[in-house]
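**Q** Chains as they are written, first to last, in the numbering used here: chain A, 1 to 250; chain B, 1001 to 1274.
Hints in this document: simulated from the structure, not taken from any laboratory. A few of these clues could be false.
Covered, in the sense of this in silico footprint (three residues per stretch, anywhere, with C-beta under 8 angstroms from a C-beta of chain B), are these stretches of chain A [said to hold, decoys possible]:
#1 17-28
#2 44-53
#3 83-96
#4 156-164
#5 171-181
#6 202-216
#7 220-231
If you want the ones that stay clear, here's a sample from chain B, every Cβ over 12 angstroms from chain A, calculated [to be verified]:
#8 E1011
#9 F1048
#10 T1056
#11 P1069
#12 A1099
#13 Y1111
#14 Y1112
#15 E1126
#16 I1172
#17 G1175
#18 L1251
C-beta atoms are modelled at their ideal positions from N, C-alpha and C, and glycine is treated no differently.
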Amino acid sequence: MRDKVTIRLFRGNANGGTETDYEVTTFPGMVVLDAIHQIQGTQDSTVACRWNCKAAKCGSCSAEINGRPRLMCKSHVEDFADSNGLIRVHPLKTFPLIKDLVTDVSINYRTAEKIPPLTVSEDIPRPFKMQQIDVERIQEFRKCIECFLCQDVCHVLRDHNRKDGYFGPRFMIKIAALSMHPLDTGNRLRQLKEEGGIGYCNITKCCEEVCPEHIHLTDNGIIPLKERVADYYYDPLKILIRKIVGPKKK
Amino acid sequence: MASYSANSREEGRAPLPMENRELDWWLMPLLTVVVLTLFGVYTTFRAFENNYYLYTKNGANYLSPFYSPLLPIAWSLHLPLFGLKMVSPAIYILIFPLAFRLTCYYYRKAYYRSFFWDPPACAVAEPRADARMKYTGERKFPFILQNLHRYAFYAAVVIVIILWKDTVDAFIWTGPDGSHHFGIGVGSIVFLVNIILLSLYTFSCHSWRHLIGGKHNCYSCSCVTRSSYGIWKKVSFLNHNHALWAWVSMLSVWFTDFYVMAVASGMFKDIRIL
Ligand code: SF4
Ligand code: SF4
Ligand code: FES
Ligand code: FES
């Protein structure tokens, strides 16, 4: 491993900025977040970055390292330094920039508020008793640490900027966890199709590629939801049967 | 060192180019374009060729998957410029697997990325900046039709059953006296591998996974949902490698047709093993 690497860091805000090179001394197991801390501690204390746990669990240190959406605390310097020992670190590009590596991800919290919480009928005795086979599927989605890397990489939000039309992958799996919940009585399909905009997703799977929790967002979340929406809104046979027999109770 | 100033970026996003990834992302899209195009050209040629799809020499019984089932009549089509033309029966057969693969969730990912560049790769900027707000995903015609993938799956199941029958036939040889007996040729093995891969691809389908159990919310609620949970688990296991099955089954069906074409046209000989 080389003794020093150069961090080419974006410094600036939404009005403009520069990439500035900082040389940092490496140590075994060093991650990119360590390098940023070293710059803050020894070269420039005004570098802005958000972090909390340094254990890939709080989801605060999201950035784009060599153009890849990553958690800085989970990205080894060794793996990212090119042949000249250079690593480029940029802020997330899908959200408004506050300063340097800090972006305003609050749109995600506003989206979360639009999703009705778990709705359980009053007749069900509390606390709920549930079987493992019923919760298994949704446990995967509960691993989400809300790093919003999937929201950052999703081309619907990133390239097409359709934040007005699509909730984004993180919220698709949030709805999936509710929709697949055995006790939830809320009808999630209309929201998915209309306001949530599931049709914008073209299942190109970038969300799944970047998720640090290795959640299968598309395979286990979005595609099953698309099938549920198809059941209700697009399958001519099912629509016909529903017309004849009447709607199924959930 | 580059410096950037805000100009056209919406909502105060970072004034940076959307992508600064090294040029390592284009390999997959390029490979996809090349292989799918070659497969498309080959299939179109073979579908119209209407020849060399059945090999019966020395008692063998190999029928190309492109022409199976053998349609008794070659239907004719009234084509605008060409008048009444006989059309190869393969055309009527191939629409079904074509629809199945075109609407398959995996192939959708593959061609949206490599042919439509929507996006070309993850965190790689889409080239047509002017069309950015016009993107509608799968909400409008024609892509809204992808929602009917399950119907293509139903058709694919029928085709798989027919191809299993052809595979059994590929192991049954006809003697000079007209009797039938078991035998194995290289072609029989090719057929067997192909149908296994095609079955793995078909039954790892996402629509099937939904149908067989994914649609339930409560697995423990009845014995029906309990058993569908078991099947759903197994389908999920297969589904995990759906992309792999998609590729290898495409290559195997390609090779199977090529094999039949090659032995039927005399390009090379089928070797009898048993
Ligand atoms: S699969 Fe869908 S949600 Fe995930 S990144 Fe692609 S378009 Fe966005
Ligand atoms: S789904 Fe994965 S990538 Fe998306 S916010 Fe949650 S942990 Fe991050
Ligand atoms: S600092 Fe908590 S996830 Fe990186
Ligand atoms: S065949 Fe690929 S998802 Fe159905």
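**Q** It remains to establish, for every hint, whether it holds in the given structure.
**A** A quick look at each hint next to the structure:
{"no.": "1", "hint": "17-28", "result": "holds (count 5)"}
{"no.": "2", "hint": "44-53", "result": "violated (count 0)"}
{"no.": "3", "hint": "83-96", "result": "holds (count 8)"}
{"no.": "4", "hint": "156-164", "result": "holds (count 6)"}
{"no.": "5", "hint": "171-181", "result": "holds (count 3)"}
{"no.": "6", "hint": "202-216", "result": "holds (count 7)"}
{"no.": "7", "hint": "220-231", "result": "holds (count 8)"}
{"no.": "8", "hint": "E1011", "result": "5 angstroms, violated"}
{"no.": "9", "hint": "F1048", "result": "32 angstroms, holds"}
{"no.": "10", "hint": "T1056", "result": "41 angstroms, holds"}
{"no.": "11", "hint": "P1069", "result": "25 angstroms, holds"}
{"no.": "12", "hint": "A1099", "result": "15 angstroms, holds"}
{"no.": "13", "hint": "Y1111", "result": "10 angstroms, violated"}
{"no.": "14", "hint": "Y1112", "result": "5 angstroms, violated"}
{"no.": "15", "hint": "E1126", "result": "4 angstroms, violated"}
{"no.": "16", "hint": "I1172", "result": "38 angstroms, holds"}
{"no.": "17", "hint": "G1175", "result": "48 angstroms, holds"}
{"no.": "18", "hint": "L1251", "result": "22 angstroms, holds"}
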